[in-house]
Amino acid sequence: DVKVTQSSRYLVKRTGEKVFLECVQDMDHENMFWYRQDPGLGLRLIYFSYDVKMKEKGDIPEGYSVSREKKERFSLILESASTNQTSMYLCASSSSGRALNEQFFGPGTRLTVL
Amino acid sequence: AQKITQTQPGMFVQEKEAVTLDCTYDTSDPSYGLFWYKQPSSGEMIFLIYQGSYDQQNATEGRYSLNFQKARKSANLVISASQLGDSAMYFCAMRDHGSSNTGKLIFGQGTTLQVKP
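Line by line, the protein sequences give chains C and S.
Take 14 as the starting number for the first sequence in our numbering and just add one per residue.
Take 6 as the starting number for the second sequence in our numbering and just add one per residue.
If you're looking for bench data, these hints aren't it; they were derived computationally from the structure.
Hints are not guaranteed to be accurate.
As the list claims (entries may be wrong) - If we take Cβ atoms under 8 Å as the criterion, some of the chain S residues that face chain C in the derived model are:
| id | residue |
| --- | --- |
| 1 | Tyr55 |
| 2 | Ala86 |
| 3 | Gly90 |
| 4 | Thr107 |
Said to hold, decoys possible - One-sided excerpt, in silico: chain S residues whose CB lies under 10 Å from chain C:
| id | residue |
| --- | --- |
| 5 | Phe17 |
| 6 | Tyr42 |
| 7 | Gln44 |
| 8 | Gly113 |
| 9 | Gln114 |
Just so we're clear, the structure is a prediction, and the values are computed from it rather than from any experiment.
Note that beta-carbon positions come from the ideal geometry of N, C-alpha and C, so glycine has one too.
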């Protein structure tokens, strides 16, 4: 079974804090993704990575950065958290070697910035 | 630009009845894939069904089927014999040919389905 885990289910941080969200997958997937989910907006892609140390901006990268030092781990960093970054954050991974290439998701981290 | 539209923010269905969740898409790429995901209240996204743009037949997976109308650019999800456990948010997503290696998806806004006993 593919498993994608995220470091926290719930997180409360203060404005200005540096926040790290960690994601780990155990299926040797090449691709990893970070989304944020807000009511009425669906899932919006923040960043994705198709290989170790490789990253590309998604649709809403402002205020975020990412790190992928190992294939199984993809970190999302909020350099200086702001209240408008309060949201649900979802990590996903997929293989690049299959025609279907469906994304497998973690349980999500609900982040509140006060 | 690619786009996915789900026009039904919320739907109700009686238990054991069938329900259709709408999804329309826009892309200029002739090769693309369409996905449906389910998100229960627990938050985890669950992959349900996939339709490739060149697939000759509509995809089916158990009680899920995809009503794929290519000329209309629609990919509606049909859930037959609804169960209480089907209550969840459902997302339609698209991957175009240019993203076939990265697996990058574009998601719709989602539809919340509530199944009534």
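Against the structure, the hints come out as follows:
1. Tyr55: Hint holds; S/Tyr55 Cβ to chain C Cβ min 6 Å, cut 8 Å.
2. Ala86: violated, 24 Å
3. Gly90: violated, 18 Å
4. Thr107: holds, 5 Å
5. Phe17: violated, 19 Å
6. Tyr42: holds, 8 Å
7. Gln44: holds, 8 Å
8. Gly113: Nearest chain C Cβ about 5 Å off; hint holds.
9. Gln114: Nearest chain C Cβ about 4 Å off; hint holds.
The earlier numbered hints that this structure contradicts are 2, 3, 5.
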